[in-house]
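Colleague: Single-letter residue listing:
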Amino acid sequence: MKFIMNRDQLVDSVQDVMKAVSTRTTIPILTGIKIETHEDGVTLTGSDSDISIERFIPVEEDGYEHVEVEKSGSIVLQARFFSEIVKKLPGSKVEVEVFERFGTRIRSGSSEFNLNGLDPQEYPRLPEVQENDKFSIQADLLKTLIRQTVFAVSTSETRPILTGVNWHILEGELNCVATDSHRLASRVAAVESTTDELEHPNVVIPGKSLTELSKILDDSSALVDIVITESQVLFKAKNILFFSRLLDGNYPDTSKLIPSDSKTEMVISTKEFLQAIDRASLLAKEGRNNVVKLSTMENGQVEISSNSPEVGKVFEHVSTESFEGDELKISFSAKYMMDALKVMDCSEVLIRFTGAMRPFVLTPLDGNTIKQLILPVRTY
Amino acid sequence: MNWNTLADRQPYVVKLLTNSLKKDRLAHAYLFKGNKGTGKRKISIHLAKAYFCRVKKDSEPCGECPDCKRIDSGNHPDVHFVAPEGQSIKIEQIRQLQKEFSYLGLESKSKAYILEHADRMTSQAANSLLKFLEEPGQETIAVLLTENPQQLLDTIRSRCQILTFAPQSQRKLIESLTEENYPVQLARTAAALTNDQAEAEEYLNDEWFVQARKNVLKLGEELFERPQRALLALHEHWNPHFKEKQQVEIGLDLLLILYKDVFLTQLEEEHSIVYNDQQNILSVQALQSSQSRVRTQMLHILEAKRRLNANMNLQLLMEQLVLRLQEG
Chain Y
0 MKFIMNRDQL VDSVQDVMKA VSTRTTIPIL TGIKIETHED GVTLTGSDSD
50 ISIERFIPVE EDGYEHVEVE KSGSIVLQAR FFSEIVKKLP GSKVEVEVFE
100 RFGTRIRSGS SEFNLNGLDP QEYPRLPEVQ ENDKFSIQAD LLKTLIRQTV
150 FAVSTSETRP ILTGVNWHIL EGELNCVATD SHRLASRVAA VESTTDELEH
200 PNVVIPGKSL TELSKILDDS SALVDIVITE SQVLFKAKNI LFFSRLLDGN
250 YPDTSKLIPS DSKTEMVIST KEFLQAIDRA SLLAKEGRNN VVKLSTMENG
300 QVEISSNSPE VGKVFEHVST ESFEGDELKI SFSAKYMMDA LKVMDCSEVL
350 IRFTGAMRPF VLTPLDGNTI KQLILPVRTY
Chain C
0 MNWNTLADRQ PYVVKLLTNS LKKDRLAHAY LFKGNKGTGK RKISIHLAKA
50 YFCRVKKDSE PCGECPDCKR IDSGNHPDVH FVAPEGQSIK IEQIRQLQKE
100 FSYLGLESKS KAYILEHADR MTSQAANSLL KFLEEPGQET IAVLLTENPQ
150 QLLDTIRSRC QILTFAPQSQ RKLIESLTEE NYPVQLARTA AALTNDQAEA
200 EEYLNDEWFV QARKNVLKLG EELFERPQRA LLALHEHWNP HFKEKQQVEI
250 GLDLLLILYK DVFLTQLEEE HSIVYNDQQN ILSVQALQSS QSRVRTQMLH
300 ILEAKRRLNA NMNLQLLMEQ LVLRLQEG
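Those sequence lines, one after another, are chains Y and C.
Counted from 1, the first sequence has number 175 at position 176 by numbering that gives the first Met the number 0; the numbering is strictly sequential.
Counted from 1, the second sequence has number 177 at position 178 by numbering that gives the first Met the number 0; the numbering is strictly sequential.
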């Protein structure tokens, strides 16, 4: 294997794949980066077995030559050393050549490194991509989608399946649901797919992988192709492939959790409500559960209060835009409410209650692509 | 390596595993129990290969494909080896495994886990392992290897299919060692410590081991004949020789064999005696002591072995043991 590449291009690409490489892994080969050259370019791969990132550097792009491939082949190099080396190389071009027994020479300007490589055969094989089963979504929409659901995944390992976001694809619609069994966030978005029959009922993507993915994607409206294979999901942006393993098991049926009827409905300004809850939670944090209480008042206002006996009390009054239905006193976690309000992305939010002991739903006033369900807290 | 060569040593286990492979009826968890050197690890790795190899013939993995090779080198992403980190298998290691259990495999849907020295799990680790032995995922196999199955939780044992690895007959091992021109007395001793030919040869080629046997016998003699001088003998012969923990462990094993021999002499089972060049001392001691006393002394040595694993000061450990053996 032999290729010559622009140093900056190589540094950038190595940095991308390094995001997937973990120093503490039980599989020795995963401490390395796999480099593969073929006629149309160079592919770098990094993986920590949960996520894998593949970066492709084409020989030529937009009339600009990135890399010169002289001989195709592949090698695995120690990620820690390789990334440090390329960062500090003096020349503007880097030449990488592999000799017998995986010996690798890296040359740039006046410096020359000889690294001992590892056998590329030992590297995990990523799944073959079936192009016909893909669907696409805009990168910025995908990022929003992730932001609006991933915060609600469970952090406890007692029910591992809940540490992921459930993606449900049916009839060109993608429904993302995340829950930690105390609250639930769901978001619906339309996706473009080549076939109408695309259907994936039970795909659970680990929350951590999605967080990593959104760090890598840039805020553009370019399309990201998504392919779901037997055990992995693949996100394909321009020149970068992001694989994540899926969680094993069946996601609980959440469709029946969201109540359809309501006894009390109100519309409230998101920002004002969020700030009021935030202030009320200052004292609530001192108490055990970060719980605040919401009570309806006569003049269309609501009162948010919190009481920690050792510290003090707080009362907040917020005017609602509209208010209908029964009077209500309900307690809930301020943190959950704030998390939900922060991702609403709308100026006014509709909250529907069905009683003090029943979960309530937050939706934007315009449209119902986002649904946030929060369970109340029982207080006496 | 193939199933046939493995079957020479463990015909029963191999037969059972190959049959389950052929009929696609592997259990979700196996507990391999058997003495050191009975081939537990070899068979577990071979089983993993047979499970993952895509070009296997019948139940025989090819040993050539990337899957087989990567299992050998420990680089297969869906095969996990867990061995004690230091003293024990820690809860973090099991947590890591638990996380792996909750994901689908990286390359295929199947996964395999091999837990060496499963008896050395801390109690938290064992309890946390229980959880996924109870609710196995799809297409996973777990293999637990242990030399002391009775030290595992009942609840773990009951959830695994237990395969007993038959020890190689000691007589056979001694015979094959003497054929290699090792002195018969030493061969007997080495064969009493391990069941593995290679390991026994390693012992026998080690000058240290030969000396260790002598020193243990000397200490034994002192204990039997001049118990009041035993502590001195300990300082003269034992402490300078047995410095490391593993060395002390071997020393204690050798001492245990000595007491066992006394016991066997009392039972008139002379043919199983290991130190049969020491018949005189053994028979004198057998007459002077009672069976229950020897039994208590053996218990003291076993207790010392247990404490050794609990990081006790080596010198204090031995002094305490000698005092206990004196009062018997």
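Keep in mind that the hints were calculated from the coordinates and are not lab data.
Think of the CB as a built atom: it goes at the ideal place given N, C-alpha and C, for glycine as much as any other residue.
Heads up, a few of these hints could be off.
Unchecked claim - Straight-line distance between alpha carbons at most 20 Å, and here's what the computed DMTMM-like set of lysine to aspartate or glutamate pairs gives:
1. Y/235 <-> C/106
2. Y/18 <-> Y/38
3. Y/207 <-> C/91
4. C/68 <-> Y/156
5. C/89 <-> Y/156
6. C/98 <-> Y/179
7. C/98 <-> Y/229
8. C/108 <-> Y/49
9. C/41 <-> C/200
10. C/55 <-> Y/315
11. Y/1 <-> Y/67
12. Y/18 <-> Y/172
13. Y/214 <-> Y/49
14. C/98 <-> Y/49
15. C/98 <-> C/71
16. C/130 <-> Y/156
17. Y/334 <-> Y/365
18. C/242 <-> C/318
19. Y/292 <-> Y/277
20. C/171 <-> C/200
21. C/108 <-> Y/325
22. C/68 <-> C/7
23. C/108 <-> Y/121
24. C/98 <-> Y/118
25. C/108 <-> Y/127
26. C/98 <-> Y/47
27. C/108 <-> C/23
28. C/108 <-> Y/47
29. Y/284 <-> Y/338
30. C/22 <-> C/57
31. Y/235 <-> Y/179
32. C/304 <-> C/318
33. C/98 <-> Y/156
34. C/68 <-> Y/121
35. C/35 <-> C/174
What the hints assert, rightly or not - Anything over 10 Å on all C-beta distances counts as not near chain C; from chain Y, calculated:
36. 58
37. 109
38. 120
Colleague: Given the proposed pairing of residue 18 of chain Y with residue 38 of chain Y, does the C-alpha separation stay at or below 20 Å?
Modeller: violated, 26 Å
Colleague: Going straight from one Cα to the other, do residue 98 of chain C and residue 49 of chain Y come out at no more than 20 Å?
Modeller: holds, 10 Å
Colleague: Is residue 242 of chain C close enough to residue 318 of chain C, meaning Cα to Cα at most 20 Å?
Modeller: Answer holds: residue 242 of chain C to residue 318 of chain C is near 14 Å, not above 20 Å.
Colleague: Would you check the hint for residue 284 of chain Y and residue 338 of chain Y, treating anything up to 20 Å between C-alpha atoms as holding?
Modeller: Holds - the C-alpha atoms of residue 338 of chain Y and residue 284 of chain Y are around 15 Å apart, at most 20 Å.
Colleague: Given the hinted pair residue 108 of chain C and residue 47 of chain Y, is their Cα-Cα distance within 20 Å?
Modeller: holds, 17 Å
Colleague: Hint check: residue 35 of chain C vs residue 174 of chain C, CA-CA at most 20 Å. Holds or violated?
Modeller: Distance ~19 Å between residue 35 of chain C and residue 174 of chain C Cα, so the pair holds.
Colleague: Please work out if residue 235 of chain Y and residue 106 of chain C have their alpha carbons no farther apart than 20 Å.
Modeller: Satisfied, since the Cα-Cα distance of roughly 18 Å is no more than 20 Å.
Colleague: Quick check for students: does the CB of residue 58 of chain Y sit more than 10 Å from each CB in chain C?
Modeller: Per Cβ check, residue 58 of chain Y is outside 10 Å of chain C; nearest 28 Å; holds.
Colleague: Is it true that the CA of residue 1 of chain Y sits at most 20 Å from the CA of residue 67 of chain Y?
Modeller: holds, 9 Å
Colleague: Given the hinted pair residue 98 of chain C and residue 47 of chain Y, is their Cα-Cα distance within 20 Å?
Modeller: Roughly 13 Å separates the two Cα atoms, so the pair holds.
Colleague: Are residue 108 of chain C and residue 23 of chain C close enough, with their CA atoms no more than 20 Å apart?
Modeller: holds, 15 Å
Colleague: Straight-line Cα separation of residue 108 of chain C and residue 49 of chain Y no greater than 20 Å?
Modeller: holds, 14 Å
Of the numbered hints stated above, those contradicted by the structure are hints 2, 4, 10, 12, 15, 17, 21, 22, 24, 31, 38, listed in ascending order.
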